Amino acid sequence: MTTRPRPGGRSARVQESVHRAVEELLATGGREALSVPAIAQRAGVTPSTIYRRWGDLHDLLADVAVRRLRPDTGPADHGTLRADLRAWSQQYAEEMSSRPGRELVRDVLCAPESGEGNERRGRCTAYAREQIEEILARARGRDEPVPPAGLVVDRVVAPIIYRVLFAADGASAAYATELVDDLLDWVAGGRPSTATAVG
Numbered sequence: 001m002t003t004r005p006r007p008g009g010r011s012a013r014v015q016e017s018v019h020r021a022v023e024e025l026l027a028t029g030g031r032e033a034l035s036v037p038a039i040a041q042r043a044g045v046t047p048s049t050i051y052r053r054w055g056d057l058h059d060l061l062a063d064v065a066v067r068r069l070r071p072d073t074g075p076a077d078h079g080t081l082r083a084d085l086r087a088w089s090q091q092y093a094e095e096m097s098s099r100p101g102r103e104l105v106r107d108v109l110c111a112p113e114s115g116e117g118n119e120r121r122g123r124c125t126a127y128a129r130e131q132i133e134e135i136l137a138r139a140r141g142r143d144e145p146v147p148p149a150g151l152v153v154d155r156v157v158a159p160i161i162y163r164v165l166f167a168a169d170g171a172s173a174a175y176a177t178e179l180v181d182d183l184l185d186w187v188a189g190g191r192p193s194t195a196t197a198v199g
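Numbering (the UniProt record's numbering), first residue to last: 1 to 199.
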């Protein structure tokens, strides 16, 4: 595995410039406009800089995708756990089912099966889990019973991503709502909710 420099100082500026070049080329010419030479020219760096830092175009696109998948804001407070999870999952499903969302997911999944690629996939999971944990913490503060965060990932996030990847129409807001309601109704029924949770 190639050891790549951690972003910081000059490296961070190069990363920002290259990421911005990718996003600008995507906006103006679509994915067919993407090549390492075109990105390098737009970013004001040499192609060898990109190859040295990212290895290949797939790895660079995965890096950009992970950054774009990071939420800009925290989950909104709608007053109850059910309302908060419904709103969050609906937005998540709609964003991931959009054409840009599907492309981002594919870019992340196309990253090499290596430490760097796996770390990027892990960050995508962490972004969703952080937002879920914020929703659950808020619900605990209201003295609401809450499921484990891992169970929400397994029963809400995972089915949405499966639909995004394999269903022609993706995952609708209505589908996301059903997942949340099924989970919370199941937990409220007194069943052992931690049995299938991943932490």
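Hints listed in this document are in silico derivations from the structure and should not be mistaken for laboratory results.
It should be emphasised that the depicted structure is a prediction, and the values quoted were computed from it without experimental measurement.
Any given hint might turn out to be false.
[Claimed, not checked] Derived CB-CB ranges, DEER-like:
1) C110 - R140: 32 to 40 Å
2) P47 - H78: 46 to 54 Å
3) D185 - E133: 17 to 25 Å
Glycine is no exception: its CB is placed at the ideal position from the N, C-alpha and C atoms.
So, going through the hints one by one against the coordinates:
1. Taking 32 to 40 Å as the suggested C-beta distance range, the pair C110 and R140 conforms, at roughly 38 Å.
2. Between P47 and H78 the beta carbons are some 48 Å apart, a value that agrees with the proposed interval 46 to 54 Å.
3. Judged by the Cβ atoms, the range 17 to 25 Å given for D185 and E133 holds: they are separated by roughly 21 Å.
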